[in-house]
Structure formats: structure tokens, C-alpha cells
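So the protein lines, in turn, are chains D and U. Count the first sequence with our numbering and you get residues 1 to 384, in order. Count the second sequence with our numbering and you get residues 1 to 444, in order.
Fair warning: there could be bad hints in the mix.
Computed footprint of chain U on chain D; a stretch qualifies when at least three of its residues, placed anywhere within it, have a C-beta under 8 Å from a C-beta of chain U [as the list claims (entries may be wrong)]: (1) 38-45; (2) 48-56; (3) 87-94; (4) 207-221; (5) 271-278; (6) 370-379.
Note that these hints are calculated values from the structure, not bench results. Just so you know, these numbers come straight off a predicted model, no measurement behind them. From the three backbone atoms N, C-alpha and C, an ideal C-beta is built for every residue, glycine too.
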Amino acid sequence: MADEKKTGLFEKGGKLYWLHSSIDAFDTFLRVPGTVTAKGAHVRDGIDLKRVMIMVVIALVPAALFGMYNVGLQTSTVYGLDWSFWHMFWYGLLRMLPLFVVSYAVGLAIEFASSQIRGEEVNEGYLVTGFLIPLIVPVDVPLWMLALAVAFSVIFVKEVFGGTGMNIWNPALVARAFLFFSYPSSMSGSSVWVSKTWVSALKDVDAVSAATPLAIAHEGAFDAATGAVGQYSFMDMFWGFIPGSIGETCVVAILLGALLLVWTGVASWKIMVSSVAGGLLVGWLGQLAGATTLPCYYQLVMGGFLFGSVFMATDPVTAAQTETGKWIYGFLVGALAVIVRLWNPGYMEGMMLAILFMNTMAPLIDHCVVSVHTSRRAKKALTA
Amino acid sequence: MSNNLDLKKGLDIPIKGAAAREVIKTVVPDIVAVKPTDFKGLVPRLLVKEGDSVLAGSPVMADKMRPEILFTSPVSGTVTGIVRGEKRKLLAVLVKADGKQESVDFGAKVPDNAEETKELLLKSGLWGALIQRPYGIMANPDVTPKAIFVSSFSTAPLAADTDFTLGDAVLDIQAGVNALAKIAPVHLSYKKDVEASTVFHKVENAVLHVVSGKHPAGNVGVQISHIAPIQKGETVWTVSPLHLAAIGHVVNTGRLSLERLVAVTGPEATKNAYVKCLPGTPVASIAHIMPDVRIIGGNVLTGENLGKDGYLGFFEDQLTLLREGREREWFGWAKPFRPKVHSSSWCYFSWLTPGKKYEMDTNLHGGPRAFVETKCFEDVTPMDIFPIYLIKACLAGDIEKMEKFGIYEVLPEDLALCDYVDPSKNEIQAIIQKGIDLMIKEMA
């Protein structure tokens, strides 16, 4: 009965037809549409974009869970609070919830409104973007800044191009870049990575400086004998017990996500592998050239390199689309990121800009790959 | 001598309802339809009127552009109806069978040269069986093709098994090959590892190719693209094994016989087996059709929705019956397991049960979205092309790019699996067909 009423009102000609995009979005979220094939193949695969996108979100969950724990851990360690495991996790969870709420509320509101304007169904792409954004910012970022960044990236990077599937740059990364360049004091430096908001005991305590290993290494504080960067050992960095953006620190959690993405075929393993190869190669060359004393594999465990390689560079919309192109694209992402890290005095972290730059270049790479392919085909035809 | 072709990419859709290798009945139809809509590129001119009596092999219509191409009645009887659609478009000529099946005698004579072969095909109504590539339209008698290709088997879902349906037509097949070889070299492919059961590996006077792989390995277009890719300005013809045998039959006996074994398949078929009948037979007399079931002439990827009152098409040797999947599944996309739904993607768990056959229905399983390309199109397209670029060139209507990306080599059927696997639910076959239509218009 309720069902009938709803369809009548929101169907074409109904009073609230203009709302149909939003209603459809909720309706198809709950139940698979009853649409049957009209032309083309009469049967279709069970896969749809909702399923693809939810796979990415699931792949992000280990990194998010670890991030919550690490938020508490860093606060507890840096301020000497001696919290229990659950206390740390609970604190991190509470700190992160508002970020998720703001990210999803602002992003989805814009997404729904633009779908409404275009008269299309709401695309699922933001499910992933909305989950990614909180994971790549410092935990204490003010919510209004986050809201602004989300709005900017969804409107100017996604919707003006026509929505998910049409965008050129990764929207989550653009949100981060927006924050990075608009509010550098909240996004970089050594005092933004450890949260002390909401801890009443720390109300009047000054923020303690806690630099990321990447920043410490940048200052040259690498101990070749112990393999430690400042106070952080290699294993600390590998397991992720270091300050940094929420989701980026734990290699194991990221690799778990990578495993799921590669297994399901949602993200390209070629991009992941070639990006890591590019980073390692440049890291090694940098060591040879004396630009750094860090062994090349340290580049993988510090900062957002691995997170970017696995979750950001592989976005099927903004990455290269040809298989050969993916190798080139991934390699250049990794290589550029480490080049920026080693030879650029301004920015410590090059991953974000490397990926955004390669997003821009991806169509060019594809164009070259396709041109080579078509001219090879044409030659083959002449000799045949 | 034969050439091997092993194709790695592709997908066999695990749908339930293959036809058992037995003939359960022979349908002697009351009414038979000759449908001009079966032939792509045909503008029909009617040659009969209601009340005319015809023999099997008597012309009922011709091509307006090239009136020498005739289309003939498969039965003897009386013309009882002319069915027209919008703008008086001719949809079908209905012939009431008299049950005697008297046929026109074209003279049993092996053609001596290309002209005689062409003339026989034009007169007997079998010319329409020759498909020209590029574009997949009816062949032009004034053009001499580079070669004629026949794929003796189909890998499409639940397709009729030609080793069974044409098992005793070996003489007709050979005669068909001999006749066509007068026009151009004939290339014939057969399935790997079935030498014992197929009649095709014994065929002489043709270049043989042994093909293995998942669907679309059996598609003649895919085979051509590996054997001798079609270049701009080139023309090849293709003919189905069914019609190859029919051509041979008319050469051997002088009489037209389009009788064939039709595989009745699909999860909703009450009896999955073969039925002997003629093209143009009402589908309702071939298979029992339950309510809310879609009846498809051909396979689930490329077939046509015939409707309950439809008639079997000229090219079809398969009917597929599918339930209309209008139910809405709660949280379908979010469920960890959906045992009743197949997915070739590893986002679901169909890979755990590789041998399982599914009772598929016509549900779209999602809503249309913009392209979000993973690797799925390339994985099901065993051709040296970039499917996504070709598709986008077709969408943009960019002739030059379509040429570059291989429009001459493909027909919608060769990319039909892209329809199936696309998570964004785009209509790839329709897009390719639109591109081809544009090519025909621009190149004419």
C-alpha cells in the first residue's frame, strides 16, 4: 500500500516527480531495481557499481580501524596519558565520526542535488570518496574546513564534469589538496598530527610537537646503525604506530585492502606494482646520488605512499585505462612522488601531487599507447 | 592442412537449460511467415498478393535496390496475409501451408563458375544467407569478396550443437563449400578436439581452422580478426553452417529446403530438446510458452525478443525461454552471497562454484551509470582492439576514430559479452550498431 502511494507520487507526472532521483537512490539502495533488459543481451551479470564501490569501502575498513586506534595511541603516547587499548580506540572512533559525518553529509547532499538537476540516478562513486577523505587528513582538521574542501572537490572536480565516471582528477585527493594549499597551518607542520581536542586533562597543555617520520627524515635524522628515523623504528613505521594522516600509517592494513582490491579485480594490480617499483627505483637512485641516506624501501612505509598507490592512484576513472598505460602511469606516480620527497625543499610528501599530476597526464599516456597500437595494426595490415 | 587458433579471453555464461541431443517433434506449421526484417540492409519489394499460390522456393519479395535478389517461400501454399507496421513498413508475408510441400525445381547441377553459383543463390532465396563484412549487412552480388568464412560451431550460451543438427548433412556441406569456392576461397573453422564427432573436419576444398576457447571464440567475426583482419575497402562474406548445408542441398537436389533442427533452450523451456521445423514457423507451435516468459529467437546475448505471437527467423536455429525478472531483491548488491545470481566478477562468489548453472532471468541487476572501466571489456573480447575506445568513438560518432579502432572488424555480436559484464549497464551492442549504421550512411 505504502509502496503504491510512493510510486504514484514520484513517478513521471506525479506531484513530487522532481524528487525522483533522490527517491530512486534510496529505493534502489534497499532493493535491486526490477528493470528488465530492453535491448542488447537479455541476461546480465549480477555486478553493478554499488557492489564495486562497496568493495573499495570494505577494503578501506582495516586502514580506518587501525587509524582510529592510532589516533588514540598517538595522543596517549605523546602526552603520556597511559590509556588502555579500548580507550585509545574509543577516543579515535569518537574523533573520526564527525569527520565521516561531515564528509558524507556535505558530499552526498551535493551529489543528490546535482543528480536531481541532471535528472539522473544518483551515482555510487561518493560512497568511496566520502570514506577516503577522512582517512587522508590530520585528525584535528576543523570540520568547517573539511566541509569546504568536500564541497569544493565534489562541485568543481566531479559535478561540473558530469559526475562519477566523467571526472579527471581524484575528488578525494583534490579535497586534500584544497585543504593543503588553503589552510597549510592545519594540514602540515609538526603539531597537527596528534589530537588533543576533547581530552579535558589536556585542555591547558600546549600542543606537543610530533613530527611525522617523513619530516624527521627530511631533517636528516636517520640513524643508519639502528635503522630508526628519529624515535621511530622501521617496524613502528611498518605497523603504523607513527603520527600521520589517519588511514595512511599501517602498511599491514593497507596491504589487506590491496589484497581485496586485487582479488576482486576492482583496482589494477599493475598500477600498484608499478607505482611501488617507481618509488623504489627513484629512492635507490636518490640514495646513490646522495640525496638521502634512507634505504629505498623506507619510502614505502613512510607517509602516504602506499595508501596512495593502493587506493588513490588506482581509481579506475582517473587512472590510465589501457593496460600498457597502467604500467607507465603507475610507475610515474611512484617515481614522481619520491622525486618530490627527495629533491624538493618545500613539500615533504609528494604522493598527493604526483597522483594529481598523473591524473592529468593519464589521457595523454592512453593516447600514446592507443596510437602506437593502431599504427602497429595499420603496418600489419600493409604487410599482410 | 589446418591452422590452430587458441583464444584465451572470453566467457561462457553458465545458464541452465541446454537442449538434450534428441529430436522430440517435427512441427508441420499451418502458417509460415517470411520476414524481411530478418535481413539487414534489405528494402523489400513485395512480389505476391493475398490469395496467390506459391511453391517452396517461389519468390515472395525482392530487394528494391537490387531486384535480382529474391526471397522465397519455405513452403507451398497460399499467401493469406501481408503484415505491415508503421508507415506501411512490410513486416511479414504469411503463407498458409497446403501440406504437400511441392517445391520449385532449380535443377540439380553443380555450378561451373561464380556466376552460376550466384544465380542459383539469387533465384532460390538463399542469397540473403550471405552476410557481408564489414557492417554485417546482406552481401552485394556485384562485389567479389576476398574470402568467405564459415564458423561451423557456436560458443554462444546454449547454442544448437551443429555436430548434432548437421551430423548427416556432410554431402550437402561439401556441395555448399564447392559452390561457394567458385566465388572466393572458403575458410571453415571447427572446434578443437571434436574430430571424432564433427563432420566438418573432413570438408575439402576449404582452408580449415581449428579453434578453441570460450565464447566468443565461435563467432565468425572473432575468427576472421585473427585469420585475416578486414581492412578498409576489403569485403568478406560469412555464412552460417546451417545455410551452408541449405546451399549444398539446393545444389545437390535442385530444391530449396530450409528445414532445420531448432534447439529449444533456457531455464523456462518445458522440454529442452530439438524440434524439426521451418523458418517462419510460429514460435508458439515450437515451444510451450508460460506466462511472463520471454521467448528469444537465438541466444541470450544476441537474440531477438520474438514475443509469444512471433515467428522463427530465417537465421535462427535456437529459441531461448527466460523468465522476466521483475522481482526486486532486498539488499541484492550488499548481500555477501547471492547463490541464484551469476557474476563473472570476483566481487561475488560465483567463482566458488565453477560448474554451477544458473536459472537466469532478464533482470538488469542494477541501474545505468557512466562508464567506470575496470578491465572487464578486454577480458571478454579476444580481438586485437581496445573495446572501450571503439565504444567511445561510436558514441561520439567519430568516423576516423571508429576506423582506427577497428569498426570494420566487429559486429555487435562480437562485443555482446560486454553487455553482460558491464557493471555500469551500458547497451554496448546498441552503441556499436549505431556506429556501424553511421559508417554505412557516411561511406555510401
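Problem - 8 Å C-beta test of the stretch 87-94 of chain D against chain U, three or more residues - result: Coverage by chain U is violated here, the residue count being 0 at a Cβ distance below 8 Å.
Exercise for the section: Would you check chain U against the stretch 207-221 of chain D, counting CB to CB pairs closer than 8 Å, and say if three or more residues qualify? Expected result: With 0 residues close enough to chain U, the hint is violated.
Exercise for the section: Given that the stretch 370-379 of chain D was listed as covered by chain U, double-check it with a C-beta distance under 8 Å for 3 or more residues. Expected result: Check passed, 4 qualifying residues.
Exercise for the section: State whether the coverage of the stretch 48-56 of chain D by chain U holds or is violated, taking the criterion as 3 or more residues with Cβ-Cβ distances under 8 Å. Expected result: holds (count 7)
Practice task
Tell me if chain U covers the stretch 271-278 of chain D under the three-residue, 8 Å CB rule, please?
Solution key: violated (count 0)
Exercise for the section: Count the residues of the stretch 38-45 of chain D whose CB lies closer than 8 Å to any CB of chain U, then report whether that count reaches three. Expected result: holds (count 7)
When held up to the earlier numbered hints, the structure conflicts with 3, 4, 5 and fits the remainder.
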